[in-house]
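S.K.: Here are the chains, one letter per residue:
Number of protein chains: 4
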Amino acid sequence: MAGSKFAYVRKFELPDVLLPSTFMVFRLDGHSFHRFSDEHGFVKPNDLRALQLMDHAAKSLMEEYKDIGLAFGESDEYSFLLRKSTALYNRRQAKIVSTLTSLFTSCYVFHWPRYFPDVPLRYPPSFDGRIVLYPSQQEVRDYFAWRQADTHINNLYNTAFWALVQQGGLTTTDAHAVLRGTVSKDKHEILFSRFGVNYDKLDPRYRKGSVFVRAEKKKKGKVATQLELLHCDIIRDDFWEKYGHILRD
Amino acid sequence: MAGSKFAYVRKFELPDVLLPSTFMVFRLDGHSFHRFSDEHGFVKPNDLRALQLMDHAAKSLMEEYKDIGLAFGESDEYSFLLRKSTALYNRRQAKIVSTLTSLFTSCYVFHWPRYFPDVPLRYPPSFDGRIVLYPSQQEVRDYFAWRQADTHINNLYNTAFWALVQQGGLTTTDAHAVLRGTVSKDKHEILFSRFGVNYDKLDPRYRKGSVFVRAEKKKKGKVATQLELLHCDIIRDDFWEKYGHILRD
Amino acid sequence: MAGSKFAYVRKFELPDVLLPSTFMVFRLDGHSFHRFSDEHGFVKPNDLRALQLMDHAAKSLMEEYKDIGLAFGESDEYSFLLRKSTALYNRRQAKIVSTLTSLFTSCYVFHWPRYFPDVPLRYPPSFDGRIVLYPSQQEVRDYFAWRQADTHINNLYNTAFWALVQQGGLTTTDAHAVLRGTVSKDKHEILFSRFGVNYDKLDPRYRKGSVFVRAEKKKKGKVATQLELLHCDIIRDDFWEKYGHILRD
Amino acid sequence: MAGSKFAYVRKFELPDVLLPSTFMVFRLDGHSFHRFSDEHGFVKPNDLRALQLMDHAAKSLMEEYKDIGLAFGESDEYSFLLRKSTALYNRRQAKIVSTLTSLFTSCYVFHWPRYFPDVPLRYPPSFDGRIVLYPSQQEVRDYFAWRQADTHINNLYNTAFWALVQQGGLTTTDAHAVLRGTVSKDKHEILFSRFGVNYDKLDPRYRKGSVFVRAEKKKKGKVATQLELLHCDIIRDDFWEKYGHILRD
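Going down the list, the sequences are from chains G, C, A and Z.
Counting along the first sequence from 1, when you hit position 115 you're at 115 in full-length UniProt numbering, and nothing is skipped either side.
Counting along the second sequence from 1, when you hit position 197 you're at 197 in full-length UniProt numbering, and nothing is skipped either side.
Counting along the third sequence from 1, when you hit position 161 you're at 161 in full-length UniProt numbering, and nothing is skipped either side.
Counting along the fourth sequence from 1, when you hit position 8 you're at 8 in full-length UniProt numbering, and nothing is skipped either side.
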């Protein structure tokens, strides 16, 4: 056969199997989304349409890949938890990373017009993805706590920053200068005293990020699963007591 | 800081640097494109629109990533050669695989309406990607020869098969049966004697696949590069004598 | 500096860090020990001197590397459990594998004359080593259970086999033929009825292998550790209830 | 079978195949040899017996593993070049690293009494090993050049240093102080003017390190190979012109 003398090149494809019985966290980040959000006029500090589009793409991924039990998104990033027993693509790293990143990207572009009916996509956006392995439940919880704590820090800063700029009339340079060295309490105080904003009353979607969980429902003795979108605390125990099954296996 | 007690989870992100000074071949494949092509009514054995869309996405990738010197596509797959000296993303595997797969996918969906103006995309298509390392020029040449030899084998089979079905009126089962055990010469003969088709006269795009090469042009003492789309033989020496610079470093 | 223009070759040394917070099992196997045991007249089915030498080398490894909490040996192999939190050599795989294999080998050759005073070493023996990662305690227990179950199977077979040859006067070919297809009970029966051997009364060292455990002793409010050599069951819960601390972190 | 319910633990043994058609350099280093050389009274700056023992162990490795074509040793380290086409242990990294380190260590301990007849080994020495891959001949040459340049730098420094201490009567602190900031020429000058030593006339073994090469000899139309021990320059072209076959495949 014509191809057989060249087929030896396949030997250079080395296995990249991920350790069995270990949780996989797959995280996506927007590629150059600072520029992308500028070009498409994203509202600051949070663009509801853009976040809902991210959520839609994340949900599509979870509908396609049943071994994803939990997802958490903020801004232009999303993290997905795969069951530790997943045999998806025989746990081959490049296959999983590339396929999941691809499908998410595809959904993002595909559903764009639904969330931005008046804003044509000016160029194709892209994402990068990676997989991190965690051996135990505690580390998985701490991973998601890390992302949500990050959401809190970023969003509080951004909310104060854009209030200073948009309502306060400061330049971006001055707004950064005002916030330099401030702690959390100071930012709450700036928002409340200068702009009458009670940060804790803002939409939890912005403060907590988006949580998709594959909930289990018992119906007539059978267990059915259903995707739920939440904007709740996932750092404290309550969440994990209610949805502990996603860490089970 | 709120996040700091959780930040230890970053230690689980292990480095995945690819061996320096080694050619990288990045290959993409359509995910479940058999179904995708059916759902979107792709013409058999080759759909010009679909191939041109693949080419467009490939070209976009090469415009964005200057370290890709060569690409070869056929059907729903595309291979890209990165210079052996590339420092793209510090040669981190997951970053490269995911970003390139993402951008290709994004371009595919973004440009779909241009090539299929009357066929709305019914659902988001996806691709998987992988990187294979090759230490030497010979292996790179043989890799691309392997893909083009494969193109030839597949296209000859498919051309004969669909002629038997579309012009010959056979069922797909019968068409497969006719072709079982035939060698290359037999398929040429079937095409010629039964359907008057001289396979070697068919559009080289189908027979040879698509080759994008970053050609060097000397202009007023400077070297400029320019992407060229070819449908030529890349197995024999001629191509590599003309474009040898893409293997240089 | 003379060396600086060549120092770029260090860039080809890629990191090989093992996943944090994961148990490491390091297993050594004798290289061509069938021949080695023949050349040095090892007693069949078990040579006490050779086993004690293996134990001595294993103990030396545990004395040097405090993060090894447990070891299990049989025949010419030994497995070592490193704490999941170990930071030994920053968890670099090649460094750990090579150093531990080297020290074990060195101890084996160094202490040889003590166990084989009348048998000069005819050539240098060698071992190979590997590391396997286990995310959870259960898998670590099952790993050691796997090795001990293997010990049982091999030793029962070998004991019956050599009884047939040494006391029964069979050729090795005939002895294998007698045992072909027999189950555990049959081998017990052969040993008992033909040779008056109650397998369960044989030295547990041969039946159970060697277990080194880093035991914790409380002394005047402090916890001291001490290596204990056991030949006990490590499959059932008793062992792990007593020495559970070796799986703690 | 008793072992079968535990055998799943084997699934955690992941493949670690090294990229085909790539040169492997295997480098060994003595573990804590500063202390080891002190404890065993190694002569400073170079102990001929210790170097010859290293050479003996290296030669044994090359006799056992025919795919090693070249070795270079200095002080307590040794580097070995494996053919790029080697299929040793199916190119499994841990297997190669551990086995080669083990055999070298074993030879070192085994042959110790031959080189140190009056110095009993006080404790078992050990080595660590690693493999670095190089895609091309140039990098392999540069790797060995890097090691030999290092030998030169270290040996010149050590020779001057120990002359200042042993013949010059300086403390080690003062000797280091004298050499601080000196360049190569200064050290030559110190050796020559203060101690009458022409560095370039010293035994090339110390200045150039040890080179083992698998030389090819044509005899009656057949090619036989033979290990040669050299203490020559391996940075310049002469060596590689004569022994170029070791880079061939």
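Simulated from the structure, these hints should not be mistaken for laboratory data.
Just to be clear, a hint being listed does not mean it is correct.
A pair holds if it fits inside one copy or across any two, identical chains being indistinguishable in the list.
[Said to hold, decoys possible] Below, simulated DSS-like cross-link-like pairs (lysine-lysine); rule was C-alpha separation at most 25 Å, straight line:
#1 Lys-187 to Lys-219
#2 Lys-66 to Lys-220
#3 Lys-11 to Lys-44
#4 Lys-219 to Lys-59
#5 Lys-220 to Lys-185
#6 Lys-242 to Lys-11
#7 Lys-185 to Lys-5
#8 Lys-44 to Lys-220
#9 Lys-44 to Lys-66
#10 Lys-220 to Lys-201
#11 Lys-66 to Lys-11
#12 Lys-95 to Lys-59
#13 Lys-11 to Lys-95
#14 Lys-217 to Lys-66
None of the values given here were measured: they were computed from a predicted structure.
S.K.: Could you place Lys-11 and Lys-44 in one of the four classes (within, between, both, neither) given a Cα distance threshold of 25 Å?
M.R.: neither (50 Å within a copy, 32 Å between copies)
S.K.: Between Lys-66 and Lys-220, at a C-alpha cutoff of 25 Å, which is it: within one copy, between copies, both, or neither?
M.R.: Classified as within: same-chain Cα gap 22 Å, cross-chain 55 Å, threshold 25 Å.
S.K.: Are the CA atoms of Lys-11 and Lys-95 at most 25 Å apart within a copy, between copies, both, or neither?
M.R.: For Lys-11 and Lys-95, both the intra-copy (17 Å) and inter-copy (19 Å) Cα distances are at most 25 Å.
S.K.: Up to 25 Å between alpha-carbons, please classify Lys-66 paired with Lys-11: within, between, both or neither.
M.R.: The answer is between: 23 Å across copies meets 25 Å, while 32 Å in one copy does not.
S.K.: For Lys-44 vs Lys-66, is the C-alpha pair at or below 25 Å within one copy, between two copies, both, or neither?
M.R.: neither (34 Å within a copy, 33 Å between copies)
S.K.: Taking 25 Å as the upper bound on the Cα-Cα distance, should Lys-220 and Lys-185 be classified as within, between, both, or neither?
M.R.: Classified as neither: same-chain Cα gap 50 Å, cross-chain 48 Å, threshold 25 Å.
S.K.: When Cα atoms must be at most 25 Å apart, do Lys-217 and Lys-66 count as within-copy, between-copy, both, or neither?
M.R.: Answer is within: at 15 Å inside a copy they meet the 25 Å cutoff, but 48 Å across does not.
S.K.: Between copies, within a copy, both or neither: which fits Lys-187 and Lys-219 at Cα up to 25 Å?
M.R.: For Lys-187 and Lys-219, the Cα distance exceeds 25 Å both inside one copy (47 Å) and across copies (54 Å).
S.K.: Should Lys-44 paired with Lys-220 be assigned to within, between, both, or neither, using CA atoms and 25 Å as the limit?
M.R.: neither (47 Å within a copy, 48 Å between copies)
S.K.: Cα distance capped at 25 Å. Does Lys-242 pair with Lys-11 within a copy, between copies, both, or neither?
M.R.: Neither, since 48 Å and 28 Å both go past 25 Å.
S.K.: Please work out whether the CA atoms of Lys-185 and Lys-5 approach to 25 Å or closer within one copy, between two copies, in both situations, or in neither?
M.R.: For Lys-185 and Lys-5, only the inter-copy Cα distance (19 Å) is at most 25 Å; the intra-copy one is 69 Å.
S.K.: Evaluate Lys-220 and Lys-201 at a C-alpha cut-off of 25 Å and name the case that applies: within, between, both or neither.
M.R.: So Lys-220 and Lys-201 fail the 25 Å test inside a copy (39 Å) and across (56 Å) alike.
Comparing the model with each numbered hint stated earlier shows that hints 1, 3, 5, 6, 8, 9 and 10 do not hold.
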